[in-house]
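Produce the complete structure using the sequences and hints provided.
2 protein chains.
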Amino acid sequence: MNMRPTSLFPSKPTPTCTALSILALFLLASFYTLRHPHAPRNAAHFHRAFLSSASNATLAAYLRALTLRPHLAGTQPSLDAAHLVRAHFLSLGLETRVARFAPLLSYPVRASLAAHFPNGTSVDLPLTEPRLAPDAVVPYHAYSPSGSAVRALAVFANYGREEDYAALSAIGVEVAGCVAVVRRGALSRGDVVRAAESKGVLAVLMYTEGRTAWSRRGVERGTVMRGVGDPLSPGWAGVEGGEALGLEDEEVSARFPKIPSMPVSAECAEMILASLEGGRAPPEWTETLGFKVRGVGPGPTALNFSYQGEKKVVNIHNVFAVIRGLEEPDRYILLGNHRDAWTYGAVDPNSGTAALLDIARRYALMMHMGWNPRRSIILCSWDAEEFGMIGSTEWVEQNLMTLGSKAVAYLNVDCAVQGPGFFARATPQLDELLIEITKKVKDPDNKEATVYEMWAKADGGDNIQRLSGIDSDYAPFLQYAGIPSVDIYYGKAAGVWGLLALRLADDLILPFNYLSYANQLQGYVDIVINLLEGNISVHPLTLSIQALVSVAKEVELEAEKLSVERMTGELGVLRRRALNDRLMLAERGFLDADGLPYGRWFKHLVYGPSDYRSKISFFPGVAEAIWRSAGMRGGEGRAPIQHEIWRVARAIQRVADVLGGRTL
Amino acid sequence: MNMRPTSLFPSKPTPTCTALSILALFLLASFYTLRHPHAPRNAAHFHRAFLSSASNATLAAYLRALTLRPHLAGTQPSLDAAHLVRAHFLSLGLETRVARFAPLLSYPVRASLAAHFPNGTSVDLPLTEPRLAPDAVVPYHAYSPSGSAVRALAVFANYGREEDYAALSAIGVEVAGCVAVVRRGALSRGDVVRAAESKGVLAVLMYTEGRTAWSRRGVERGTVMRGVGDPLSPGWAGVEGGEALGLEDEEVSARFPKIPSMPVSAECAEMILASLEGGRAPPEWTETLGFKVRGVGPGPTALNFSYQGEKKVVNIHNVFAVIRGLEEPDRYILLGNHRDAWTYGAVDPNSGTAALLDIARRYALMMHMGWNPRRSIILCSWDAEEFGMIGSTEWVEQNLMTLGSKAVAYLNVDCAVQGPGFFARATPQLDELLIEITKKVKDPDNKEATVYEMWAKADGGDNIQRLSGIDSDYAPFLQYAGIPSVDIYYGKAAGVWGLLALRLADDLILPFNYLSYANQLQGYVDIVINLLEGNISVHPLTLSIQALVSVAKEVELEAEKLSVERMTGELGVLRRRALNDRLMLAERGFLDADGLPYGRWFKHLVYGPSDYRSKISFFPGVAEAIWRSAGMRGGEGRAPIQHEIWRVARAIQRVADVLGGRTL
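Heads up: the protein sequence lines correspond to chains A and B, in order.
Residue numbers for the first sequence follow full-length UniProt numbering, so the first one is 1 and each next one is one higher.
Residue numbers for the second sequence follow full-length UniProt numbering, so the first one is 1 and each next one is one higher.
Derived by calculation from the structure, the hints in this document are not laboratory data.
Mixed in with the good hints, there may be bad ones.
Taking CB as the label site, the calculated pair distances span [claimed, not checked]: (1) A:H45 x B:A87: 43 to 49 Å; (2) A:S169 x B:K615: 56 to 62 Å; (3) A:L531 x B:H368: 57 to 63 Å; (4) B:P77 x A:A639: 36 to 42 Å; (5) B:L326 x A:E432: 31 to 37 Å; (6) B:G200 x A:A639: 31 to 37 Å; (7) B:A60 x A:L326: 19 to 25 Å; (8) B:S550 x A:R97: 53 to 59 Å.
For each residue, glycine too, the CB sits at the ideal point set by N, CA and C.
Written as structure tokens, this is what we have:
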């Protein structure tokens, strides 16, 4: 046998050697793939593609199509709009679903308003806008009861708040038996009517102030129902064939005011107010009024007002597009916008709907380029939001358990503000991500700057507001189901909105920062401490926030470690999953099965509604207890306040416990 | 160059070939390991080792040590017993924790009972057992108020049920102002006292019937508190420095009866009852009485009864051993037994405690052999169960969110029945596993047979009962937190108990069968339908059960597929995890935030307490509504019953939705 020189590459390999080499190479390749099961899916590449696929033209086209006709919830055009959205999703090849519900909505039948002036003249006051299209619903307040006032004296009650009635009382103005004219302010419509009702007012006329001639003729429709969701199915989904309470049920009737109300134009209101005499209008009222007012009434102008409305059960439709996650399809990132409008919806809400459709287009584009999100992304088009967040609430009530165990975040866009600037509200663990993203998205109106730069310029800093109100579809997600949420009010939100969802869907470790939350909570404690009498302690809050800070810091380190380390195999996958579960579920700790004093349905103890006279917009249970104690003798109010403080403290401890992960 | 015949095995491989071969073999080996990350961890081998490590001698030694002295919750000997358990866990090298709580417990101060017979004689009746050790607590009812009755006529009220008082009333016997003597039956002590209170009775003497001379002298201590858990912290954990309600708080005082009560021996009761005259004892009472009774009273025997007790806040201690799971440490299988006893606890509960300690020993043995469970196993030694499931309830309240998101099952052993035979209660998805296991464990008393064979022989079949009561520590786990549970009453339960936990901890796919649950629910519907008037519909239940059946079948197939298929890499791991999450969380669907009519704290709509006069032991909300409607006019009771039926139907649908996994 020849002894060949030992060379690494023999000129002609034996068949065995060839086979083994091929096998080795194959195994090497597979080995590498398995060792890096989470090898960068090149998410950043796809996210950049998303950002560069923006198209104002398509956005404008969507908006045009959506706003051709008025599409009030429960009407045929509304169903047409649902079909339009559905068809769009289907045309992109997206998995599309429609969820139908059957809630109690409310529509106007007829209304009239006439003013009788002291000089003997009478005038029929216009209740609609000029040139209102025949297929647009006349201005009204949804869920206002039918009713009338005959020859009732008119009185001006400013914003209709407790202090306004107190001011009237102080100058000897008696409002009982009158029709109150009120201008819109911070109070919800429902709270304004209820306050008036409690003073014996017979009916309320509400107007929105305007500066231009056009806006002074505008009339703002709205809902006066208390709480959110279908009133006939509180705590469950109102579906055809399902359980529904009766209209006479106390739990149902408590949702509606007992006196009728109507929105009117500023012009119409001025006609009435300018004619009032009686008590002299307080200066702090008149200095902000857009027109001259001598007296606040009552009278001598008398009003004949009549409203007839009807409440009826109608079908509404939520439309969904689902992009199933590849690795974690049982984790959901939801983007939501309501589609129903009082009339055409060009701003509220369909500028947001157009953005949603555009995001769908751009996601579909990415999918054609080979992208799959890690987690599932669900695009949601809600119905009947205007009536009281009904489409979203019924769906969340129906899917509470599933969402509670799988939903990572809910990202809402209701409408665009008409002015420039970026406005966002969020639960604090999302602050950092939001800021990071606005730094990546170019401002649509100024290509040289990012959204963040324009935002900081306008606002002086990263001014992220909080989600204490119940004014859009995030309410059931955050305040009932405890899901981290964002609400963006931005002219051209699609980039930020879409990228937010992509980061939440694709990041290996959920980008939540609970230190931000802890800091925010401490800020709240610093505020509330000034509203408390000496013998009420915030110490439980301080202790639990300390626990949260401690755990949040540990989690930051853990998250860093797990996202950097190439943890392979089953153990690594499950460790990341376990940490992500804790990050996802932490917000649920703020929920308390007993709910808020304002309403048991509202479960979140940090963000939620309280009496409109409350002085703080967080810790709603504490806020309500403080407000209620104002009317109590001696130390009677103390115990409930302390109890609410304990409840929040335990909630924060729960959040810390869940985030920390160790039970024992 | 020589052309050698192409042979697969050249006589001398080149260095390159050798290197490649070695590399290939190495990669092949690693590849195989990685492809089977979940390669059978040889669980079956370890489980067999568990079964063969049983030792009656060690069990007996544990029992002896635990029962040397009486160890009533809140006393020093009780703390010693906690230390004993803790030391045992530590000695095995197990991670050990102690959780301390500060609930309101109750202790006797003094009591006296004297009977005044018509012939003028008086007798002080004994209230303790003969030869009661000085450090054992005298017989009493925990949470009985202090009080007395002077010269009150004695009356016999049989079991103290509504129908017994009705029978007395029918024969003209007036119980108001009397002291009632009652024998223990199915009613809880608290319900007996409350029923008596509602009839105007002044105090209750309760006795347990006995056949032997010894048992007729025995006195059975117990609690008369309504509900479970620390009364000062309903819905949260009572800890030092935490929030506590006041004794005068309505929510607290509603937990205790208003009249005093005392357990007495059968012998003592007989002394009183044999002397009664007045109304003639109904035959259906006397035929089951162990002694002759002429009349039921009132009198002529009069009783002087006095009881003074004190309620006070004391420390209690739960002791835990934690065996962290290797792959899924954030999934918990819990084994629980209470350690506190009224006196020595030789049967209740410490036969169970001995089994718990033995299981710990055997698990530690397995760990030394190289075993780690896949999921975490937590051994729990509860305190203050006798007072009202207090140790377990406070801990569950404190850790509700964590347990809700991570607990797979809770396996309880309170005590061993004195007789032979296997007795188990469980939530139905665990039936199949329970039966499978009893077929694997040898009967401790009969090595030729399995536990199953002895069970079937005694009981005629797989007779698994249900967990509707609130009589042991499974109550907070199942009825508050919605965790699948088992309660075993078995003389030598360690084998079955320990193997149950091992299967739940080690099986790749959780061994839950929801078809069993659906079948059980249908059985319930078939029963309840007979209790309903014509115009109440069970159709919602039928529909939702159908949905559950359908989904349960799909899940069976899915589970089979996922446990057999060699699903590799990240996708496979996460798919199994996603299915296991659904299996684990499904039971939570039965919880409803509004709770039961009996008490809001109880959230489970299938298993839970209802008024003792209810006719069914499932669907407790429906049961209570049916009972309450009995007293209502016309159709007034109909709506609440229908509403409760809807609630259960929606709960079942929730379970189906969670199990099915698809939201859209």
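We went through each hint and held it up to the structure:
1. A:H45 x B:A87: 43 to 49 Å: 59 Å, violated
2. A:S169 x B:K615: 56 to 62 Å: Given about 58 Å between the Cβ atoms, the range holds.
3. A:L531 x B:H368: 57 to 63 Å: Given about 60 Å between the Cβ atoms, the range holds.
4. B:P77 x A:A639: 36 to 42 Å: 37 Å, holds
5. B:L326 x A:E432: 31 to 37 Å: For L326 (chain B) and E432 (chain A) the Cβ distance comes to about 33 Å; the hint holds.
6. B:G200 x A:A639: 31 to 37 Å: 34 Å, holds
7. B:A60 x A:L326: 19 to 25 Å: About 57 Å separates the Cβ atoms of A60 (chain B) and L326 (chain A), which means 19 to 25 Å is violated.
8. B:S550 x A:R97: 53 to 59 Å: Check failed, 19 Å falls outside 53 to 59 Å.
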